[in-house]
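K.L.:
If you read the sequences in order, they're chains A and B.
With the numbering used here as the guide, the letters of the first sequence map in order to residues 26 to 511.
With the numbering used here as the guide, the letters of the second sequence map in order to residues 5 to 459.
Just so you know, these hints were derived from the structure itself, not from any lab.
Take the hints with a grain of salt, since some may be wrong.
As the list claims (entries may be wrong) - Below, simulated DSBU-like cross-link-like pairs (lysine-lysine); rule was C-alpha separation at most 35 Å, straight line:
| no. | chain 1 | residue 1 | chain 2 | residue 2 |
| --- | --- | --- | --- | --- |
| 1 | B | K52 | A | K281 |
| 2 | B | K161 | B | K294 |
| 3 | A | K281 | A | K335 |
| 4 | A | K335 | B | K63 |
| 5 | A | K90 | B | K289 |
| 6 | A | K256 | A | K190 |
| 7 | B | K43 | A | K332 |
| 8 | A | K510 | B | K309 |
| 9 | A | K335 | B | K67 |
| 10 | B | K437 | B | K399 |
| 11 | B | K43 | A | K281 |
| 12 | A | K112 | B | K229 |
| 13 | B | K49 | A | K332 |
| 14 | B | K49 | A | K331 |
| 15 | A | K510 | B | K229 |
| 16 | B | K419 | B | K399 |
| 17 | A | K416 | B | K327 |
These numbers come from a predicted model, not from an experiment.
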Amino acid sequence: MRNEDQSLIFEITKEGRIGYSLPELDVPELDLDELLPAGYHREEAAELPEVSELDIMRHYTALSKRNHGIDSGFYPLGSCTMKYNPKINESVARYPGFANIHPLQDESTVQGAMELMYDLQEHLVEITGMDEITLQPAAGAHGEWTALMMIRAFHEANGDFHRTKVIVPDSAHGTNPASATVAGYDTITVKSDERGLVDLEDLKRVVGDDTAALMLTNPNTLGLFEDDIVKMAEIVHGVGGKLYYDGANLNAVMSKARPGDMGFDAVHLNLHKTFTGPHGGGGPGSGPVGVHKDLIPFLPAPVLVKKDDKFTFDYDRPQAIGRVKPFYGNFGINVRAYTYIRSMGPDGLKAVTENAVLNANYMMRRLEPYFDLPYNQHCKHEFVLSGRRQKKLGVRTLDIAKRLLDFGYHPPTIYFPLNVEEGMMIEPTETESKETLDSFIDAMIQIAKEVEDNPEIVQTAPHTTVIKRLDETRAARQPVLRYSKD
Amino acid sequence: MKHRYMPMTTADREEMLKVIGVDSVDELFEAIPEEVRFKGEYNIKQAKSESSLTKELSKLAAKNADSQRYASFLGAGVYDHYKPIIVDHVISRSEFYTAYTPYQPEISQGELQAIFEFQTMICELTGMEIANSSMYDGGTALAEAGTLAAGHTRKKKILISETVHPESRDVVLTYAKGQSIEVVTVPQRDGVTDIEQLQELLDENTAAVLVQYPNFFGQIEDIEKIGKLTHAVKGLFVVSSNPLALGVLTPPGKLGADITVGDAQPFGIPESFGGPHCGYFAVTKKLMRKLPGRLVGETVDEDGKRGYVLTLQAREQHIRRDKATSNICSNQALNALAASVAMTALGKVGAQEIAYQNIVKTRYAKEAFENAGFDVVFNGAHFNEIVVNVKKSVKEVNQYLFANDIIGGYDLGLKFENLENHALIAITELRTKEEIDALVQHTAAIVQETEALNA
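If we strip away everything but chain B, and leave its shape as in the complex, we get:
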């Protein structure tokens, strides 16, 4: 058959078969035993031409409600932020996206240097000493932080706050099960980790305490205190952090974190229905050789010229096999590049400005909801999310909002028993005052409508 991705002609094929010394391609497959040989062709859809396939798939895409057509107030770990247009131009350079892991440094300096810069920017934002080249996502990075801590401290219990993203907590549980690590959830109180309960649960068997900053409810917890309590029992303090918030928040590295992880999705990476995003993993110097994944280091070539290589590979699966610190191989390199470009574009000033905008817009939304008679629960300091009691089913509210071109907040009742009728609402810098006002007005309208019906 002829196909635009396959250049072999009939004449080529014949010439090649002659060199190989066989009469047909089939002979090359003779090692496959008859009883397991697949005959014929797969029963799958027939090939489509480029133009008919793009037509079909653009129709399929149009069935989805995207954040370019709707004002989205959905966050809960994945955010609709400003994506500098140059990000996509950089990552579309195919020297980057059609390469693989930079095992040959002489022809991979571009990728290696880009990762070295990524590592530096993550260190700068988190206040940590060392960052790796990326993980799959924030959830698996947190899970690997938990297993690293258990291995490092030789203890088998980790505590995780209920204010950590519920899906990340689920991933932590799955990873812990593989390593026979016990995971205990520390309950939340008023939207933050319950310190009293934490103190009761902490003991000398605690390998680590895992918290989120800002937490799942958007609250800024007193994590420094939690870090001190953790260190008092010789556990490692693990902080999962939205790096965009760290434009203005004190970095975890300054608050006692031994490991800081998170997802760089807020920096230039599309929501993409949940992936691929970009986990990051940063540690103190003393944990350098325990780090999972790839690391790029600076060195010199034979002429003394500066260059970059993959380094400290004795931690990794291709060298250490069953003794490796992790099984991770492919990571999220291209998305780390995207995040680097976004961090570079925002730069020192823009990183502060964007985080500031998130906070003040969220504060504006909070007051707007309160003025409209809604209870905004959890009164601590917030980043870009608030929890609003919408007084009726979040699903119904969201349906009404959707009819008004708004994607509403996350239904907390799905994961938290005592938070039925509460929506987690995210306000990024991209939401305009007009959109926030519309959100509040429409939410009030549907609630009033219901109240009138019930009266």
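So that you can see chain A by itself, here it is in the shape it has in the complex:
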């Protein structure tokens, strides 16, 4: 079957072909063996491809055709906010004055970049209701860890070394407990109640004077707003803990509720989600952190400040947690997010949330008759269906996801959150039209009917993709993680 494969770039290589155009060498040639210490001149060349420029373009064009992006079709991947990625962002980020500047240039030569960063921070302060923002973290999980390190530094500055626990709901994103571990904390899980929200009684039971923080997504991963948020803040603050907001779901509440007003002490944002990063096939992201004024002294240095109409990086931050990343964050992504915010304005961001929530509720209600809906209240930007009814007929959520591929859709996030059996987490976003939603709904209804009438077609899906279901067990048991000639 090899001949049907998409070739690897290494398989079309041919000695003697080149794909580069290096500058002419205008200084004298020298012998590397005289310039390098013995044993440090590479003996065998790295086996990189030898291909022409057209070979490269054809190769990657072929690969791109085997990839589904938002521009290819609907992508309702829950908690990932797969909204349209505006093209103006891409143009602006490529302006030489943004793309081709060095982070260690004298500040006087990069005032435009610093002004953009500063203004982005100001906008994010208003959007989150926090007191200050750092743009340094590279992605959401990186922001979570950064904030937890600040919370740890805060407690320690108060002589409080016994707060060893971070509480996360059972519905939390996996990065929350993982970030807690990296910050040196033990994770305690708090249960959800029958409404899908944090169980207040259980929260009261698990908090204590060893609580460093509670990490919360609001709305949570079920797409439900934690309406007891004020009480939760009181409980956590009551024992001296801090409240952390996972901003992955901010698209649900812009102009409706701000983390700062809800009592959160720290928040990270996913600029590649809510603010159209883009997603890049898995990154790069950008994960700014906003903090309440109590945490400001602990922000990672440097902090961008404005003095007499000039922007400067302040390194004199004795209580800072240190650096979390070289330089100042993923500036290129921040430029895109800033461009997006400026394209939307205050009324635009409000409309974003309203349309995102409208779309999600519309889909939820139309799909409700065909799939189980474990939590029935109005959702926010996303909702979670359960495939347990279909499972009883021998069709699993994974099969439904694979069948959706035949209709040209990217499936929802599946088997998450963990507290829903056979979960399907659907987030349509505000940039999709009613026609698109209706077509997807029709496909889901058809699949639900197939499950009853012809389950095999679902169980054996996908039927139309370039490749069928892959053997993941084999990939893990006999790992082949690179190309080898033989």
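Using the hints, position chain B against chain A.
P.N.:
For chain B alone, kept in the frame of chain A given last:
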């Protein structure tokens, strides 16, 4: 409101509200308690049209001095290298940049295969057995290498050479603090790790030794020796390496590295004021299951057809939660793609040629500075950076250079007490002989001017 990114019409909205069974969108937000509900609109700048926004932002960009208008000799971890024009054409294909993590392999073969190829190229350059799909950047990759080593060896002390990038060292410190790992800095001597001091600091509690190759000063250290000393105390040897230099340098994998990390920014990724760049992370086979981040593996589908999937996911946060090897989720996939295209374009021959050009041009600059009466300190072998004693404040020298359309080197006095008035000067293949000559002449001119004034 109408906006080009939002297709919902008034009629659509009414129809949808009817299906939902509510009278207004506001009802959908009723779960938000009154006391925390935000009313009205954000107090932020009003929206701008596409044309007025691009006009405003291009003016803002023009306030910055970019390396297309100035000859830049600034390196220190971020470099102005040849970026094959096709790189941007490939990564601008929106099937790549508007996708997310390839969780559905049947419709993500393009991304998965591209990452598999990236992993292969990183292995080839570094001489390591396994490379992951990318990290945020070289600094955080190094920090995660330190924590991996501490976890793997169950020891709580890591040694890091002073010749590692100062900002990366800072990041290592922050990560180590979270895990209660002690970090000890090994001083430099003559621009390389002081082996005698290293030997004194090494003991059976050492989890790892972290070095940089070529190091922060551009020097090529005898890392093989450091690796042997590290292994003698059963520590892991971690090398942070500029992958572009490995076109001609012996790969760390052949010199005893257990973990090789670094940043692929030199391959086709713009400086972009420090990010996003592209960390890489490569290990020996025995550390495969300790690796942070995503890995792509080859497998077959139901018909036996070759394909690619995310694999060994039992290491990762979405499966293992608090027991994961790292909290990393989003990485730098698009930049890994950019680096792959650049590595492919350079290819087997170009990768050697570009590294060679960096060395010989830097050697030319070194001699030019020496001929002009400057002391080029640290006399070991170098890659594309040298340290020049410019005899006066680097900041002042750089101001003068800037007035002559040159971005000068990095002021080492900012981070190294004994290196005041020393500039770290980077010479990539893009700097012409003419530009190098101008750099030396202008530096000499400003120094002479000052000396004349002082006389």
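K.L.:
Take the hints in turn and mark each one as holding or not.
P.N.:
Comparing the hints with the structure gives:
The suggested pairing of K52/B with K281/A holds, with an alpha-carbon distance near 22 Å, which does not exceed 35 Å. Distance hint between K161/B and K294/B is fulfilled; the C-alpha atoms sit about 18 Å from each other, no more than 35 Å. Under the criterion of a C-alpha separation no larger than 35 Å, the hint pairing K281/A with K335/A is consistent with the structure, at around 34 Å. For the hint linking K335/A to K63/B, the alpha-carbon distance of about 17 Å falls within 35 Å, and the restraint holds.
Pair hint K90/A plus K289/B holds up; C-alpha atoms about 33 Å apart against a cutoff of 35 Å. Straight-line distance between C-alpha atoms of K256/A and K190/A comes to about 20 Å, which keeps the hinted pair within the 35 Å bound. The hinted pair formed by K43/B and K332/A meets the criterion: a straight-line CA distance of about 32 Å does not exceed 35 Å. For the suggested pair K510/A and K309/B, the alpha carbons sit about 18 Å apart, so the restraint of at most 35 Å is met.
With a C-alpha separation of about 13 Å, the suggested pair K335/A and K67/B falls inside the 35 Å cut-off, and the hint holds. The suggested pairing of K437/B with K399/B holds, with an alpha-carbon distance near 24 Å, which does not exceed 35 Å. For a cut-off of 35 Å, the pair hint linking K43/B to K281/A stands: about 7 Å separates their Cα positions. The straight-line distance between the Cα atoms of K112/A and K229/B is roughly 51 Å, outside the 35 Å bound, and the hint therefore fails.
With a C-alpha separation of about 21 Å, the suggested pair K49/B and K332/A falls inside the 35 Å cut-off, and the hint holds. In summary, the hint linking K49/B to K331/A is supported, as the alpha carbons are separated by about 19 Å, within the 35 Å threshold. Taken as a hint, the K510/A and K229/B pair is honoured in the structure, with Cα atoms around 32 Å apart against an allowance of 35 Å. Note on K419/B and K399/B: the hinted pairing holds, with a Cα-Cα distance of about 14 Å set against a maximum of 35 Å.
For the given pair, K416/A sits about 30 Å from K327/B by alpha-carbon distance, which is consistent with the 35 Å threshold.
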